[in-house]
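Given the sequences, and given the hints that come with them, work out the whole structure.
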Amino acid sequence: MNPFLSSQNPLVESVAEHFTPTVVDYFTDYSILLMFAGLGAWIAFKRRDDMSLFALIIGITGVYVSATFARLMVFSSIGIIVLASLGLYEVTRNILEYREHLASRSTSLKTAKLKKRLEHGRVQTPIKRIIRVAYVGIIIFMLSIPLLDYRGILYPQNSNWLSSADVPPSIANGGTGYRLQTDDWINALDWISKNTPKDAVIASWWDYGYWITTMGNRTSLADNATINQTRIETLAKMFMEDEEEGIKIAKDLKADYILVYVVGQRYGGVNGTSFYTLGNGGDESKKQWFIRIGGFNEIDYLEQDGFTPTSRFWNGTLLGNLIPFTPVSYASFQGGVLTNIQPQYQPGSVGLYTKNIKYPSDAEDNQPLRLVYSSDSFRTDEPGLVFGVLLYEVNDDYTPKTSTTDLSVKNNLENPSSLSEQGDGNSTTSAAVDSPT
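Position 38 of the sequence shown, counted from 1, bears residue number 37 in numbering that gives the first Met the number 0, the numbering being contiguous throughout.
Treat the hints with care, since some could be wrong.
Capping the alpha-carbon separation at 27 Å, the derived lysine-lysine pairs in BS3-like fashion look like this [to be verified]: (1) 193 with 357; (2) 127 with 197; (3) 400 with 357.
Read the hints as simulated data drawn from the structure, not as lab findings.
Here it is in structure tokens:
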């Protein structure tokens with residue numbers, strides 16, 4: 000009942016649409032409309048007629064509902080628009096019906112007729128005309144700010160009403176924060192649909208489940224419905240456990256392939272060696288959620304900034320081995336120039352990486368995985384953004400040295416119906432994993 004209480008479930012918190020909206024979010028979305036909505040609420044409360052009270056109830060209910068999740072802010076828009084319209088109408092009516100009192104109280108017939116015409120609005124004095132023109136200009140200017148503020152004077156960059164809507168579909172930019180289109184995901188899913196067995200099962204983070212199912216036409220272990228919390232927790236454990244334990248979980252889940260997504264930027268180096276920075280939308284940016292959902296300790300895997308991976312992440316987790324990069328140093332960026340390069344992490348520094356595929360396509364028979372596909376931007380050596388979609392094939396002949404003790408995995412295999420907290424509400428893609436056709 001309290002919309003301002005936040006969920007303590009890391010899976011819920013990991014979904015962007017489940018974030019609790021802040022005052023900044025409301026201002027970014029509604030801007031000047033909030034001021035008029037506040038005035039409209041006061042007017043509606045003052046009038047207390049049926050229509051005004053109905054508008055007030057809609058507004059209060061919409062804000063109440065939207066205070067829970069960011070995805071529910073659409074409900075507040077209805078009430079705020081209604082109340083803002085009421086407030087704007089009231090201000091406009093009072094301005095346009097402005098009456099200029101005559102300075103003289105002459106009783107002459109001519110003055111009386113002029114006064115009567117003024118009162119009926121048939122004559123506009125210079126003062127009245129100036130007030131009306133100024134009012135219209137001010138309103139147009141105030142409404143234009145959230146539409147046209149491209150320089151970030153009052154709004155964060157690319158956050159005004161026009162630019163916030165000018166975003167490519169999530170699959171076109173890989174679900175990243177970049178405002179550009181890339182074919183990496185589309186080409187990868189096309190390759191999957193044409194070059195993997197029709198009954199193949201692909202393990203990946205839930206963000207990509209719908210894409211794999213619809214465009215890749217293959218079974219995914221988890222999807223964007225996030226109904227199957229137990230399965231997602233198991234996938235988080237698979238990624239964050241060491242190599243042997245992670246592969247054992249993947250085999251228990253009957254995964255034929257493991258897909259990871261890495262976003263970064265490539266810079267030209269010396270002697271033909273390129274270096275990379277990682278972050279902004281791939282699995283490298285979601286690892287903290289893998290850790291929390293899987294029940295691991297963040298301190299063991301992340302530096303003080305809560306983002307930069309530690310050596311234990313790179314050497315002691317399956318995800319660290321699946322990400323085809325290795326840290327070589329840490330540096331600071333000042334004006335786009337690298338400074339203060341250090342071999343160890345320092346607060347405020349950024350990791351620099353070189354490409355290092357741990358499970359190459361020509362891997363030996365005793366390797367648990369081998370890379371069978373990498374997207375175009377990952378393979379090129381030209382400086383620029385990297386949207387690396389990588390698909391690893393699980394070696395069926397590989398036997399992990401350890402055995403899993405994770406009860407959730409055993410439950411997944413012995414009682415598939417227990418995977419969903421909502422019984423039969425489990426997604427079809429997840430249900431099909433235990434008995435692929």
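Violating hint indices (sorted, rising) | 2
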